[in-house]
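Participant: Listed below, chain by chain, are the residues.
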Amino acid sequence: MQVDTLELSQKFNLYGCIQCGKCAGGCPVSIKTSLDVRFLIYEALTGCLPDPTHMEELWDCTCCFTCVERCPKDVKPAEFIIGLRSLLVENGNIPRTVTDALQGIFRQGNPLGLAREQRAAWAEGLDIKAAQEGVDWLYFVGCTPAYDQRIQPIPRALARVFQAAGLNFGTLGIEETCCGNEVRRVGEQGLFEMLVEEGKPLFESTHARQMVTTSPHCFNTFKKEYGLSGIEVSHYTQVMAKLLDEGKVKFGGRVEKKVTYHDPCFLGKQNHIFDEPRAILQAIPGVKFVEMDRIRERSLCCEGGGGRMWVEGTNIEERLAFQRVQEAVETGAQVLAVACPFCLLTLEDAVKVKGLEDKLRVMDIMELVNMAL
Amino acid sequence: MTSQPRIGVYICHCGFNIAGTVDVDQVTEYASKLPGVAVARHYTYMCSEPGQTLIKQDCEEQKLKQVVVASCSPRMHEPTFRKAAQEGGVNPGRVEMANIREQCSWVHKDSHDATEKAKALVASAVAKAAYLEALEEREVGVTPGVVIIGGGVSGLVAALDVADAGYPAYIVEKSDHLGGHVADLNRTFPELEPVADWLPFVIERAQSHPNITVYFNAHVIKVDGYVGNFQVQVAGCRMQDAALLPLASCVLRVGAMIVATGYDVFDPRRKPEFGYGRYPQVMTTLEMERKLAQGDLTVNGKAPKDIVFIKCVGSRDVQLGNPYCSRVCCMVSAKQARLLKEQLPDSRVTVFYIDVRTFGKRGEEFYDEARNAGVLYRRGNAAEIYRKGDRVAVRVEDTFLRRTLEHEADLVVLAVGMEAREDVTDIAELLKLPRSADGFFLEAHPKLRPVDTAVDGVFLAGCCQGPKDITDTITQAKAAASSSLIPLIRGTVPVESATAVSDPELCAACGMCVEVCPFGAPSIDPVWNVSVVNAVLCKGCGTCAAMCPSKAIRLQHYTPEQILAQVDALVW
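Just so you know, the sequences run in chain order F and X.
Letter by letter, the first sequence follows residues 1 to 373 in our numbering.
Letter by letter, the second sequence follows residues 1001 to 1572 in our numbering.
What the hints contain is simulated information worked out from the structure, not anything from laboratory work.
Please read all numbers here as calculations on a predicted model, not as lab measurements.
Careful: at least some of the hints might be erroneous.
As the list claims (entries may be wrong) - Derived pair list, reagent style EDC-like, types lysine to aspartate or glutamate, alpha-carbon separation capped at 16 Å: (1) K1109(X) to D1241(X); (2) K73(F) to E1364(X); (3) K73(F) to D1368(X); (4) K73(F) to E1365(X); (5) K73(F) to E1369(X).
Put together the whole structure using the sequences plus the hints.
Facilitator: Given below as structure tokens:
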């Protein structure tokens, strides 16, 4: 496959790069994969980029955007990786599992490929308003929360809290379709643009001025990439923290647990939301909150983003999630709290593989909130 | 010995520097028992305010007659302690120092040995102190005016500051024009301002300034005198109605001098691997400046498609004898690379580097701008150039790719460094100016005295002291002007008080003192036929006193009695 490295260098302003190595140095997967984004940039600049067709390591990137956060010359290395991925997508050289997920999104509006008509099944019995009728708050549920049984309790808990708090909210029901955050990140720019084209008018038709999401991934793309005007996008932790502050959430019970919190990359590193999730956890009666070492901007990526839910990666022996749950155990915490469905699934998986079920439970913040309501 | 010495001895800890090795308590105890010592004390920092006050108060209250300070080298604080003693009523000539730091605690590791040596040094100083005499402080008047050697940017700026302050400035320029190397430049970083926008005005102002006299095609023949009163003999031409008129040599009488002779450009023929002089496509950054100024960017009649910059040519090179970095070339390369890329947008411009040192205000941003304009920086020190068809190939290892390449080019620009000028040996000798290892003139102290030289009244400005850019050159020129104005504004300069004195009763007028003195201080009085030492010219070096066969000349503060007392104290 021929790559126009000059065009790439200009498009991604690779000339800004001084090869300082801050990107590769901070890249969470750089210790377990041959992916070296600094070197890829240099190869592109000097016209020596090898044919990326068989660069398996390109799919290891989790799009945590640590490199983008830290580049002293504002080069955005992860965008360059996404750019390379999009060349592979055009050529059809992408992992089979990614193709499957993309097809699922295209056909059924979700990467699991499950029927569109089942998208609202999680809300059964909750009597949630249809946002299309006109609401103040548009609650965007997301694919994984809607379809994955492990995750469904979270939107249920959120809906109950919103109702109790008297929020005028609604969901799009079965008209809701994938936000496309991961779609763009695996390089399928065309499908992403289509999702935006269809999603924007749909959101605007609800006349909602506020939008809240379950997943930080949806939150991230709606806030930064959709160009929504007149709609303020929040992640549920921001809304929950505010409701708690306003006294609109009443706790009846207690959760007598030692809890630690894992900052998701798409919430923390990329959007600097660190305090609200902690505020919620510390407001739950009975919770003893402890911090791990690698928190906030230095949180260790769980390897769930950037399409990694659909790609194992080039090194399945070492998973950062293993390290992460071990770190949680070492704080003495009984619960590892998360605010992202992908983090929850990957970290829970790690707990199982490592046989730590009797030491650590991975739970979403809303699951803990729910226990105390 | 003066009647009944009353010596105060002060042992300094210098924090940990002395007290860390020398047992200052012991030395003080020992000193207090030495003959003639009235009081002995120790303190953490004798040179500090409280330290000086201690000496001053003791001088007054204890009615001391002599002071010994055992501390650092007299080159550091002798004036400080002389002043403290003087304020306490003790003549500064009656202050002696024992160097128990540079010559003791800093060079010996064994605490016991260092302490014993410190005691010996103190005993020796105390023995001398008993014989110290009062010294007379002298000041001489200053001839207003500054001679500035060199009419480049540094010389011009220095001259303008001196002249604007109201004093005469004389520029001695070797060539037939002013402006030096800057006159050959096109645009300067980081603002890319054309030199033509400001240099001609500076030159014009200097030439028309009532206080500035410029000598062209000129050189310094002889320098006599000392700070405050130099006599500089110059041969050259004066400008009159746009013509240069030769002058017979004249003597300029001034109070200070500034050396602003600039630099030489490294000749890349000394790096034959680059083929400079063989290939028309290979040129220096200075030659590229001319091309940019003239607007002719063709090479061999065509616009170059592949342009390469090679940095560190003639710098950072131990074998060449230029181990230093020439400081400006990274900015020059970024500047020219960016200008070329902007003016020839279809070309590929690559800069091969070992490091990128675009320091200073707006320097990093300038480097960003060059790269963002599309200049490619590749890491690797280009090794050689040879012909490839009708182009040249640059052989270089890209150390990031760990791959050696033959990078073909139509134009190669060598970022040549600065060197100390070859033709300044005469000035260096005339002024007795030392050089640093890199050949540039040596400043008195790299941090504290960056424009002074070892010779009082002679200052340095610009690249003659070391490679630097125009900003730093002008800054230094202004500093040199300011320093040169100090004696001029004061109107007087202090002269050494510990000078040689000749006893006419003992002098046989053999003339040896006149022969050996480097400063021309002694002369044989034609009427009395004895040696007379000019106290103002005398620097107190002691050569004449050592030579005098009849011991007619004695050096004050280093008399035979004093020195022998020191020796006795050490030996016994």
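Participant: Out of the numbered hints, which ones does the structure contradict?
Facilitator: 1
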